[in-house]
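2 protein chains.
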Amino acid sequence: MPQYNPPLRDMQFVLHELLDIGSVLKELPPHADTDADTINAVLEEGGKFAAEVLFPLNLSGDAEGCTLDKTTHEVTPPKGFKQAYAQYVEGGWPALSCDPEYGGQGLPHTVNQCFYEMLNSANQAWTMYPGLSHGAYEALHAHGTPEQKALYLPKLVSGEWTGTMCLTEPHCGTDLGMLRTKAEPQADGSYRITGQKIFISAGEHDMVPNIVHLVLARLPDAPAGSKGISLFIVPKFLVNADGSVGARNGIHCGALEHKMGIHANATCQMILDGAVGTLVGEPNKGLQAMFVMMNAARLGVGNQSLGLTEVAYQNAVAYAKDRLQMRALSGPKATDKPADPIIVHPDVRKMLLTARAFAEGGRALACYTALQLDIELNHPDEDARRAAADETALLTPIIKAFLTDNGWLATSHCMQVFGGHGFIHEWGMEQYVRDARINMIYEGTNTIQSLDLLGRKVLGDNGKKLKAFGRKIAEFVEEEGVREDMQEFINPLADLGDKVTKLTMEIGMKAMANPDEVGSAAVDYLRVVGHLTFAYFFARMARLALDKQGSGDPFYTAKLHTARFYFAKLLPETATLIRTARAGVAPLMAMDEALF
Amino acid sequence: MPQYNPPLRDMQFVLHELLDIGSVLKELPPHADTDADTINAVLEEGGKFAAEVLFPLNLSGDAEGCTLDKTTHEVTPPKGFKQAYAQYVEGGWPALSCDPEYGGQGLPHTVNQCFYEMLNSANQAWTMYPGLSHGAYEALHAHGTPEQKALYLPKLVSGEWTGTMCLTEPHCGTDLGMLRTKAEPQADGSYRITGQKIFISAGEHDMVPNIVHLVLARLPDAPAGSKGISLFIVPKFLVNADGSVGARNGIHCGALEHKMGIHANATCQMILDGAVGTLVGEPNKGLQAMFVMMNAARLGVGNQSLGLTEVAYQNAVAYAKDRLQMRALSGPKATDKPADPIIVHPDVRKMLLTARAFAEGGRALACYTALQLDIELNHPDEDARRAAADETALLTPIIKAFLTDNGWLATSHCMQVFGGHGFIHEWGMEQYVRDARINMIYEGTNTIQSLDLLGRKVLGDNGKKLKAFGRKIAEFVEEEGVREDMQEFINPLADLGDKVTKLTMEIGMKAMANPDEVGSAAVDYLRVVGHLTFAYFFARMARLALDKQGSGDPFYTAKLHTARFYFAKLLPETATLIRTARAGVAPLMAMDEALF
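Which chain is which? The protein sequence lines are A and B, in order. Numbered per my numbering, the first sequence spans residues 133 to 728. Numbered per my numbering, the second sequence spans residues 133 to 728.
In short, the hints are calculated from the structure, not lab data. None of these values were measured; they are calculated from a predicted model. Some hints could be false.
One copy or two, either will do: identical chains are not told apart, so a pair holds if it fits within one copy or between any two.
What the hints assert, rightly or not - In silico DSS-like cross-links for lysine-lysine, where the CA-CA straight-line distance does not exceed 30 Å:
id: 1; residue 1: K180; residue 2: K214
id: 2; residue 1: K631; residue 2: K604
id: 3; residue 1: K642; residue 2: K211
id: 4; residue 1: K158; residue 2: K202
id: 5; residue 1: K417; residue 2: K465
id: 6; residue 1: K359; residue 2: K281
Let the hints inform the model, and build the full structure from the sequences given.
Given below as structure tokens:
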């Protein structure tokens, strides 16, 4: 049966040794007193909750799924989900990184990042219920009126209520400018909202007494396209001025989707029939307001796949050490047994190490970015805030797309380690693959992420953000390049940095003649830059590990081997990606549409 | 809703133009009279059966799955499956490529290859019921006694009964040498067989009155390991000497597996409790006898993914032409519509063309290999038979592993084209991904295939088989290298051929010092050689297409574009694979098992 052990040691390594989070937090007034012991204690407790409460519900939740009562429109998640959510609220977990003004604990986003990684490892489908709430919290915190904040934020922070994001409609997902849901202004300043939304995660369930839907809709006089979209709060039950719950609002779940994975999360078709809503932010500026939520959600989706990669790796390792099958090509290893454990086979190790390196590289990148987010939000110096914001903007699409593509590869490899048993539900591996698949799609497909990276974040500012990140790499290369034992990491890192610079300029030049060049190179380009970030963090981690080789702590030996594996067996993917990116647009666009 | 159109035009191109099947068959006495019209007519009818009878049952079959009556141990496949099977038998389809001596139609394997591709596109799970029968037919045809053949083959050929392969046990799949099922000789020459088998596809169902299980088991005095395994026929119902069905035998389905995909195929745990069996072939030579079946099955599994790649491609193209979302980066294309169809976006085209090229390249390779199999079985000249057998042996693991890995990539890309809708069952795309996943595992995992290729087929005979195939490529390169319009195909093909030669020698040298070098390079190596075969066939197809550019037939324009796409965007994968193969064993084996 599946197992999960929170990777606390690696998280501590990333936070304290790689990122020296203590020194960074000291400069951020709200977090100046958050010390290492506090962070470690929170993550230890969080890991226990994930492993002991959520993880046991993962396989059963997938098998059971959610059910919709077509008469009452009420949705029941799988057994145990409601109780686990009550424990989550009781433990104060929803408030972890929320604003103390609304009852939050005010811990750094970086801590929340690690906590959510563990929740996702334990049970992605369950974690989406509070995960979406947190997104709604962020959007309201940034754009709500003082009254809206007072009414809704404390309930979202405590977890008493949950939230959703209602964006997609049947005919539009990526292209929200086409959305049709209508909002009619009422005499009392409220709006009556009518339309249909689909793919609404956690859209309806019985875990809380009220659900706060954030809904994109169009005002009667709104301009066409994406500049005519406004954001509304549409609660499941109307909320009285004193915060008590009032009448049932005109929004309900019309159907549940039958999906490939995340069966235990209620993916709802939501019908709005004159539902009462209040405007969030300015009219026609709803998409910008929602983007606050979407950026957080994109980091969250990368984190989902990081969690799945870690848990899939752990289970595949356990199986590979236990399963006896064939002898090693280099001669029997477990001579007292009828066959060797399959971990003796090089390709089994390759599959395991791929997942391990994707998990460790992903954790370093995601924690680093979360810390930049903390700096962006709380550093007293404006330049420091701006620099951190630039990095967060640059790295967000990479985390979303690179980590979710990697998660798909990793979970599939880990499933393969199980042979035929990997295909069978009870072993748990095929569920990780199915759950991982949605992460490449929602919150902007990975193609959209790549266009965001290359088109907006890189070419859109003439490479300024990328150059700033590149300078950090160049400094590290300069500093460590003299160390003989670092050559194996520094040389390919420096080489890839040069190649990224050259590739970026080439695409930029070509794009001036034909904008489709951006679309044809973007997906390859994102993976190349993703590898650049992984190479940078693995080189930094290798440096730390090299310095500790005398410590006798096997953690550092394993870290060094994993870094070497990454450079030898995963980084070379860039050789292909750079070629195919450079091959340009003609092989894609030359064929007439009719010939497909 | 999903759709499927049999790709008859491309099949005809491959069979008649690329392979000139008519000339080849003329030299094979049993097929000398099989002309193009016959082949085309059979495939047209077969395509109708696939598209009209099987395809409509695919999505419903996946949703419904199979059910086991725990009292009677009877299994009921999804609605419509039994009726479709009856139509299949009535149409004479099971007999297509079977021996006329037992009622077969004696058509070439190459025709069966194309027919089965269409069945797999339409409904992989259904197709496995007759597919496994065909494997049992092949094993009995090669190794059965005259009495066994007379008793069982006509029923398998007509489809009146179906067959299975019972190999795997809970503790052994890859390593069949460990199997424990026992066969006790009886006074009457029969055997009583006891044990447990798992993962038995089509192991139990109600579509036919009897099921012929081929079971691997161990005789009491058998040597340990794989040299002590014998093969037995164990029918569900005992068969009287006159061919009539007798008493229920002691073999039954104990449970059905809950799987990621192929839900509509009954994957059974089979309990043998003193079941009566008869020996097939010699005692302790069962694994060799079963290998006949397994080689055919491996080609069949590659063909399953070819079928899924084709049908996923067709549906993704239809969606990409229909779905309106965003404008082209290079400016609006469908100015009369609220947005452009998503096929205007370069990355959508890249995903589509990847699937298309994998389908067309796979079809060429699979048909070519099937024709070699026909030559191997029926050419009057022994040298010609041996040369063809060598090619079949070389290409079988490539077809199994390369086509199934490609199928996984392709179906996932095609699902991605659908965005969020791809994740929803009713669109049919996520089923293709789930069904495609098992093909990388069963009939020998793709790692096992790669070891078979590199260890046995290439290094095992000092590269003789590979060199023979390489000579065909070199001849083509020599012949076409003077054509200016062929340079874009010939140069990379010749280059890759040289690299494969060099890589093979390098690995061979390293393997002499450390056999684990084979295991560490094999998976990358197989994909490199897979690309070499695709590059060869795409170059040949491009040559034919170039010669027909004046014909006005858009088929040849599309073929040329697809070949160009393949060379520009897919073949460069070899750049990475060669690097990672050359990086060798240390990055995989250096880390101590305990550190994982």
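Hint-by-hint comparison with the structure:
In this assembly of identical chains, the alpha carbons of K180 and K214 lie at most 30 Å apart only when taken from the same copy (18 Å versus 50 Å across copies). Taking the shortest alpha-carbon separations for K631 and K604, only the intra-copy value of 16 Å comes in at or below 30 Å, while the best inter-copy value is 37 Å. Within a single copy, K642 and K211 get their C-alpha atoms no closer than 55 Å, and across copies no closer than 55 Å, so neither meets the 30 Å cut-off. For the identical chains of this complex, K158 and K202 are neighbours neither inside a copy (54 Å) nor across copies (65 Å), given an alpha-carbon limit of 30 Å.
Taking the closest pair of Cα atoms, K417 and K465 come within 30 Å of each other only across two copies (28 Å); inside a single copy the shortest separation is 65 Å, beyond that limit. In the homo-oligomer, the alpha carbons of K359 and K281 lie at most 30 Å apart inside one protomer (25 Å), although the nearest pairing across protomers, at 75 Å, exceeds that limit.
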